[in-house]
Amino acid sequence: MSTEYKPHPEDALSHVEEPATVYPVNPPTKSLDLLGWARSNLFGSIPNTILTLVALFLLVETLPPLINWAFISSVWSSATPDACRADGVGACWAVVQNKYRFILFGLYPYEEQWRPVVSTLLYIFAVAVSCNPRFWSRRLLVVWAVVVFGSGILMWGGILGLPYVENEKWGGLPLTLMLSVLGIALAFPLGILAALGRRSDLPVIRSVSVVYIELVRGVPLISVLFMASVMIPLFLPEGVTINKLLRAFIGIVLFTGAYIAEAVRGGLQALPRGQYEAADALGLGYWQKTRLIILPQAIRLVIPPLVNQFISMFKDTSLVFIVGLFDLLNTVKTALTDPLWRPYYVEAYVFTALIYFLFCYFMARYSQYLERHLNTGVRR
Amino acid sequence: MTEPKKGRSGASFLNDVRVRGIIAQIVVLGLFVGLIGYLVSNTIHNLEVRQIATGLGFLSREAGFDVSESVIPYSPADTFGRVILVGLLNTLKVAVFGVLIATVLGTVVGVSRLSSNWLVARLATVYVEGLRNIPLLLQLFFWYALITVSLPNPRQAHKLAEGWFLSNRGFKFPWPVWEHGHTLGAIGLLVAVAAIYLLGRRASRVQAETGRRPNVLIPGLAALIGLPTIGWLLGGAPTAFDVPALTGFNFSGGALVSPEFAALLLGLSLYTSSFIAEIVRGGIIAVPWGQTEAAVALGLRRGMVVRLILLPQALRVVIPPLTSQYLNLVKNSSLAVAIGYPDLVGTANTTINQTGQAVEGVAIIMLAYLTVSLTISGFMNWYNGYISLRGGR
Numbered sequence: 001m002s003t004e005y006k007p008h009p010e011d012a013l014s015h016v017e018e019p020a021t022v023y024p025v026n027p028p029t030k031s032l033d034l035l036g037w038a039r040s041n042l043f044g045s046i047p048n049t050i051l052t053l054v055a056l057f058l059l060v061e062t063l064p065p066l067i068n069w070a071f072i073s074s075v076w077s078s079a080t081p082d083a084c085r086a087d088g089v090g091a092c093w094a095v096v097q098n099k100y101r102f103i104l105f106g107l108y109p110y111e112e113q114w115r116p117v118v119s120t121l122l123y124i125f126a127v128a129v130s131c132n133p134r135f136w137s138r139r140l141l142v143v144w145a146v147v148v149f150g151s152g153i154l155m156w157g158g159i160l161g162l163p164y165v166e167n168e169k170w171g172g173l174p175l176t177l178m179l180s181v182l183g184i185a186l187a188f189p190l191g192i193l194a195a196l197g198r199r200s201d202l203p204v205i206r207s208v209s210v211v212y213i214e215l216v217r218g219v220p221l222i223s224v225l226f227m228a229s230v231m232i233p234l235f236l237p238e239g240v241t242i243n244k245l246l247r248a249f250i251g252i253v254l255f256t257g258a259y260i261a262e263a264v265r266g267g268l269q270a271l272p273r274g275q276y277e278a279a280d281a282l283g284l285g286y287w288q289k290t291r292l293i294i295l296p297q298a299i300r301l302v303i304p305p306l307v308n309q310f311i312s313m314f315k316d317t318s319l320v321f322i323v324g325l326f327d328l329l330n331t332v333k334t335a336l337t338d339p340l341w342r343p344y345y346v347e348a349y350v351f352t353a354l355i356y357f358l359f360c361y362f363m364a365r366y367s368q369y370l371e372r373h374l375n376t377g378v379r380r
Numbered sequence: 001m002t003e004p005k006k007g008r009s010g011a012s013f014l015n016d017v018r019v020r021g022i023i024a025q026i027v028v029l030g031l032f033v034g035l036i037g038y039l040v041s042n043t044i045h046n047l048e049v050r051q052i053a054t055g056l057g058f059l060s061r062e063a064g065f066d067v068s069e070s071v072i073p074y075s076p077a078d079t080f081g082r083v084i085l086v087g088l089l090n091t092l093k094v095a096v097f098g099v100l101i102a103t104v105l106g107t108v109v110g111v112s113r114l115s116s117n118w119l120v121a122r123l124a125t126v127y128v129e130g131l132r133n134i135p136l137l138l139q140l141f142f143w144y145a146l147i148t149v150s151l152p153n154p155r156q157a158h159k160l161a162e163g164w165f166l167s168n169r170g171f172k173f174p175w176p177v178w179e180h181g182h183t184l185g186a187i188g189l190l191v192a193v194a195a196i197y198l199l200g201r202r203a204s205r206v207q208a209e210t211g212r213r214p215n216v217l218i219p220g221l222a223a224l225i226g227l228p229t230i231g232w233l234l235g236g237a238p239t240a241f242d243v244p245a246l247t248g249f250n251f252s253g254g255a256l257v258s259p260e261f262a263a264l265l266l267g268l269s270l271y272t273s274s275f276i277a278e279i280v281r282g283g284i285i286a287v288p289w290g291q292t293e294a295a296v297a298l299g300l301r302r303g304m305v306v307r308l309i310l311l312p313q314a315l316r317v318v319i320p321p322l323t324s325q326y327l328n329l330v331k332n333s334s335l336a337v338a339i340g341y342p343d344l345v346g347t348a349n350t351t352i353n354q355t356g357q358a359v360e361g362v363a364i365i366m367l368a369y370l371t372v373s374l375t376i377s378g379f380m381n382w383y384n385g386y387i388s389l390r391g392g393r
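For the record, the sequence lines run as chains A and B. As numbered in our numbering, residues 1 to 380 make up the first sequence, in order. As numbered in our numbering, residues 1 to 393 make up the second sequence, in order.
Note that these hints are calculated values from the structure, not bench results. Please note that a few of the clues may not be correct.
Not the full set, but computed from the structure, chain B residues with beta-carbon under 10 Å of chain A [stated by the list, open to error]: (1) I26; (2) I101; (3) L105; (4) E129; (5) I134; (6) T371.
Idealized CB from N, CA, C, for every residue including glycine.
Excised from the complex, chain A in its bound form (with noise of 0.2 Å):
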């Protein structure tokens, strides 16, 4: 019996014989070496290398004698300018030393000045905790509630045993954070307004809203606070008076109202149509409707643009300087004009332009993380 010979596919294959070719390999895409990440990233090609060799010339050029005039060289602590004097004196830090509480808290009573920080740290509080997505609730409104009260109390005195302190002697740090974020509290609410009339199909309210923004979108925020400090005296019936910090303040949330309106508006318009549709067909009457279904989601897709608004605003703030209050920007500037000092204006600058930096860099850092988190950022 012959039994017939079937070969198995596998036998059949078994034997060609692996082709001894080697298959090109890819060299590896990314070395780890410094070397190779050098090569990569800094020497990739003539035109970078020679970028590379004149930044890192800037950098020697500049780097170390800055660090030397910053740290190595300076002066940190000295009661009179005397030891700036010197020859190969780097920085001035002890014009910081000197006038630091002057900057940070401009002409409130010496000896009372724990209360503006309390109340500056109040208001930093206030803000981490809202910053915190976890936290947007209800119960934020009355943290911020007592945040505002409280401080309040403190920087104006006069019940529990505290002295009283007019507010024209408020200033420096508190001061600029009060106005921006007061200012932002109430300028919200306004903003929301005008951006609900902006959208309206009355052409009334829809007038008075757009010409409200564009008019204030249209003029700078000198010209804004200028109004505010000169004509609002001429605005008021004969014998009413209220005070500069008032008036400032009062521009300043007409202003930034008119930007955050335009925020909004983004949002309203990026809204998909059903939504609007559905809550009709629910029955939901106008306000209903506003409140229970658009704002919710409008205002989530425009934070991070409201946020970049909050930033603009902190750095506005100093521009009350023009109208003659004592925020941070005109604390430092009247510090400076004290004869002693005046030559270590880059010391006192740079100070107080690291707190401004903070603040501010800390917010942008703060979008960009809301960006990611809300998942908004492709919009738009």
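Once you've looked at the hints, dock chain B against the given chain A.
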């Protein structure tokens, strides 16, 4: 299912959306008009009590105060109207230079932030983050102090070359004594620019028809150099220069870049450039990666990819936010008043202080800025329409 009742239901007509809309509008209008009327009547009353004149008559009265720099001839004997015009022109001067410098700087930094060169990208990031997180006013004070405190006084001025001086009174440099020849040369320059524009249009048309672009560079350069030279020669080739010289405690003669202008221009350009850099970066990122790959596949070099493929497409994304940055720059130039540059707000403010006519002064400021803003956004909207994709949407 029952048919809904036709006609009016039992509900009050107050539930009709249209009626409610009309009522709401009447209420808002009433409140608005009432508020305005109340404020105006208070204002008129207050102005009467303080015996402040109203109306624009003050514009033709003699100003009586001097301004430190002006584009057009000005003396204290001129009118308030003219001093406000001087301020407006000063604002426009700093705005034009500022927009140009900020755009160039911002584009360079924005492209650098995306550079494959790690060091360059990092430096650009430091530049952007550092500049845009510090208030502009603080930066202006810094630059102004740097110029006025740190530079030497005119007697010890840095002498860069014969007649070029850098001191705490500003930057002085020689300037040709204006004669007929210069006017003709300037006309030649204008003609050359117009000719280059026409040449470019013709080149594009020829390219569209034949596929080959005629050379524009050489005739263009020839026109740019040749025509002004011909005008200058026709006018007698004047060569006189007004060279600054130290007389007493300050320089006389020559042209001057004042410390105020320099500080304002520097601060505005750097601050705005950091925002423009971010806009440019965003615009380039918005161009799909496939475009870059396709360009590389066509064999374009890196620089050409950026210039011919990425930037033209990014421009469409970039123009609207860029417009608002230009508007911001113009509005921010009003911070000039803090360092004493006589811009529109500065001169109008002095006018308000001298005449007491705050309402008119503030109205003039706002009107002027509104006009400038609307002009810029109008132009940029036209440009946006010009470069945007036609058809398809």
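**Request:** Could you check if L105 of chain B really has its C-beta closer than 10 Å to a C-beta on chain A?
**Result:** violated, 16 Å
**Asked** With 10 Å as the cut and Cβ atoms as the points, is I134 of chain B at the interface with chain A?
**Response** Holds: closest Cβ of chain A sits about 5 Å from I134 of chain B, inside 10 Å.
**Asked** Per the CB criterion, is E129 of chain B less than 10 Å away from chain A?
**Response** holds, 6 Å
**Asked** Is the interface hint for T371 of chain B satisfied, with its Cβ closer than 10 Å to some Cβ of chain A?
**Response** It holds, given that the least Cβ distance between T371 of chain B and chain A is near 9 Å, below 10 Å.
**Prompt:** Do the numbers back the hint for I101 of chain B, that is, is its least Cβ distance to chain A under 10 Å?
**Reply:** violated, 20 Å
**Prompt:** Against chain A, with CB atoms and a cut of 10 Å, does the hint on I26 of chain B hold up?
**Reply:** Hint holds; I26 of chain B Cβ to chain A Cβ min 8 Å, cut 10 Å.
Against the hints set out earlier in the document, violations occur for numbers 2, 3.
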